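First to last, the sequence lines map onto chains A and B.
If you count by my numbering, then the first sequence holds residues 449 to 771, one letter each, in order.
If you count by my numbering, then the second sequence holds residues 112 to 438, one letter each, in order.
Wrong hints could be hidden among the right ones.
[To be verified] Cβ-to-Cβ under 7 angstroms is the rule here; a few derived chain A residues that face chain B:
(1) Leu-475
(2) Met-478
(3) Asp-542
(4) Gln-655
(5) Pro-720
It should be emphasised that the hints constitute simulated quantities derived from the structure, not laboratory data.
All values derive from a computational prediction rather than experimental measurement.
Every residue, glycine too, gets a C-beta built ideally from N, C-alpha and C.
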Amino acid sequence: MSIQATMLGSYPKPPPEGGHFGLRKTLHAMERGEADEGDLQHAKQELVVEVIADQEDAGLDVVTDGQVGWDDILTPFARNLAGFSTGGLLRWFDNNVYYRRPICTGPVEWRGPSSVEGWTFAQSVAHVPVKAVIPGPITFARMSVDDHYRNRGKFVSALASVLAQEAFELEAAGATIIQIDEPALLNAPEDLTLAKSSLGLITSQLQSATTIVCTYFGDAKRLGPELWELPADCFGLDFVAGPANEQLVDDMPKDKALQAGIIDARNTALEPTAGLVATIEPLVDALGDRLSVCPSAGLEFLPREKAKAKLERLAEAAKAVAA
Amino acid sequence: MSSVDLKGPGLWTTSVGSLPKPGYLTKARGQRARGEISTEELRELELAATREWVEFQESIGTDLVVDGEQYRGDMVAFFAEELVGFEIGGLVRSYGNRYYRKPIATGAVGRDHAMTVDWWHYAQSLTDAPVKGMLTGPYTICDWSFNEHYSTRRDLVLDLAKVIRDEALDLERAGARYIQIDEPAASTRMDELDLVIEAMEVVTEPLSVHTITHICYGDFHRAYPKMLEIPVDQIDLEFANSHYSLLSEFSAHPFSKYLGLGVTDVHSHELEPVDDLVEGIRKVLEHLPPERIFVDPDCGLKTRSPEEAKAKLSSIKKAVDVVRAEL
């Protein structure tokens, strides 16, 4: 029996205490005209190498590029799609972290991949699988302004089409795990039917990649049992901000896997291994090897040292239970 | 509605709080962090920068002046550093590649000395215009810190409220007639707006001065009109960044306080045309009389360069002069 310890998504960009602010320095140099796009690309890649090494050192079985090249999860996609401009800063859910709100001003159209190059580089420097993460169509739509379709169904469908193309290209490039982030779905039970059809559009493009529909910052109780009808192989649920998720697990269909967020990605207090083990054990009893564990959300909310210490605990707890 | 003692027809100009640090000060802060200069040497430069900003505000005719927070690294970390019960944590990101040190509450929170009164005294000694006392609110200090001590957020917020109340009372005793208690995090969780209100009640209840709070970058449409229950005389809001969308709410539920009207985007290098600012102010005048409006940038200007900040503040004054002439 093994329980995979995996990364959810983001990882802190600032260096550890005394470390090198390579990316930020390069951005400042660009503002002064002393560095170019090539330098920026290089600085981003250096940071990706660093954060993947952190995750591998901590003992994770699946890593991400830490999303360290992105300002937020939407902007890199919105900038690369036809039909979007980027608007003002807005709070990212209930965090003191901000994102630029995409504004849809015309038909949403594919103009080439947004995340494939980044994923390919990350996988080339990693020794374990790198998970590809894209925003889900419901979250993308709800965090944007729609000045064009003026109809949520049409807007979501348009987004699902381009995100399906992105997922297809990711799999073609070699990604075996594709996570679709839908945190906004937790507060939008009225969008569940739309979520089913739009996620179906994405996952039906894929041959063999494992798909995860991932939620965080709360529980999925309001979505009811229909949640399990979402067309994905695995469900990401946050057991820290959403303790009520514990009650949902018993009803999980036998052909679905669970990615359980069990360490608090938003507070520095370090969880004792024994407590994590106690959280994992009943989940393993219910799910067996269909369980993987990860942080409750992206780790960008923590300082680097704390994030790494938490990943070490996560991997340690997963190994302890498996043994 | 009589707590404002400024002259003129209204549309008073002010700043939200922070202003950019001049290059020499940013450099000196780095030197201090590396132990290359003393605290006293750094303080001399903080005093010089404060003087420059007060003089600039006077030079453009600002009605309600701020000290520009040249001695604060960050609006939450500054208080956490001064208070008992906090440790300064590592760097976390707010947006893009802007990082800040997020404090950690590791013990019971308390205050063993006044934190801002000397700075207020100094700034006020430099000008005849009133200088705002500037504090960060209890809810925001809690929300922008990690918590390793208190079992509930409410316990931490209410302990912080007592501390900020004591600081506000010290400012009032020193002579401040306008005290701003910033709660940018207030629009974060609608289910905690009652806690924001409860904590602000603790802070403002014993005060008799004009009280202001600043809220930003959240879902105002959900927080409105409930935010009007926050017990302050004035609420300061961003209008440029949100494209004046909140005005639609003012028709259904009239804005019942003094308004701090943010008319320039603080995250853009671009200097908005004065005409755009004039148009924005005119829109708001359809909902509120000029004597209930203070005009300022959307938020603190500290992330802009000093030149950009000066240009934006000057544009605001020009726009206000245009609209005042029409009154």
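Here is how each hint holds up against the structure:
Hint status for Leu-475 of chain A: holds, given a least beta-carbon distance of 6 angstroms to chain B, under 7 angstroms. A least Cβ separation of about 11 angstroms between Met-478 of chain A and chain B goes past the 7 angstroms threshold, and the interface hint is therefore violated. For the restraint placing Asp-542 of chain A at the interface with chain B, the shortest Cβ-Cβ distance is roughly 5 angstroms, inside the 7 angstroms limit, so the hint holds. At a threshold of 7 angstroms, the smallest CB-CB gap from Gln-655 of chain A to chain B is about 36 angstroms, leaving the interface hint violated.
Violation of the interface hint for Pro-720 of chain A is found here, the shortest Cβ-Cβ separation to chain B being roughly 13 angstroms, above the 7 angstroms cut-off.
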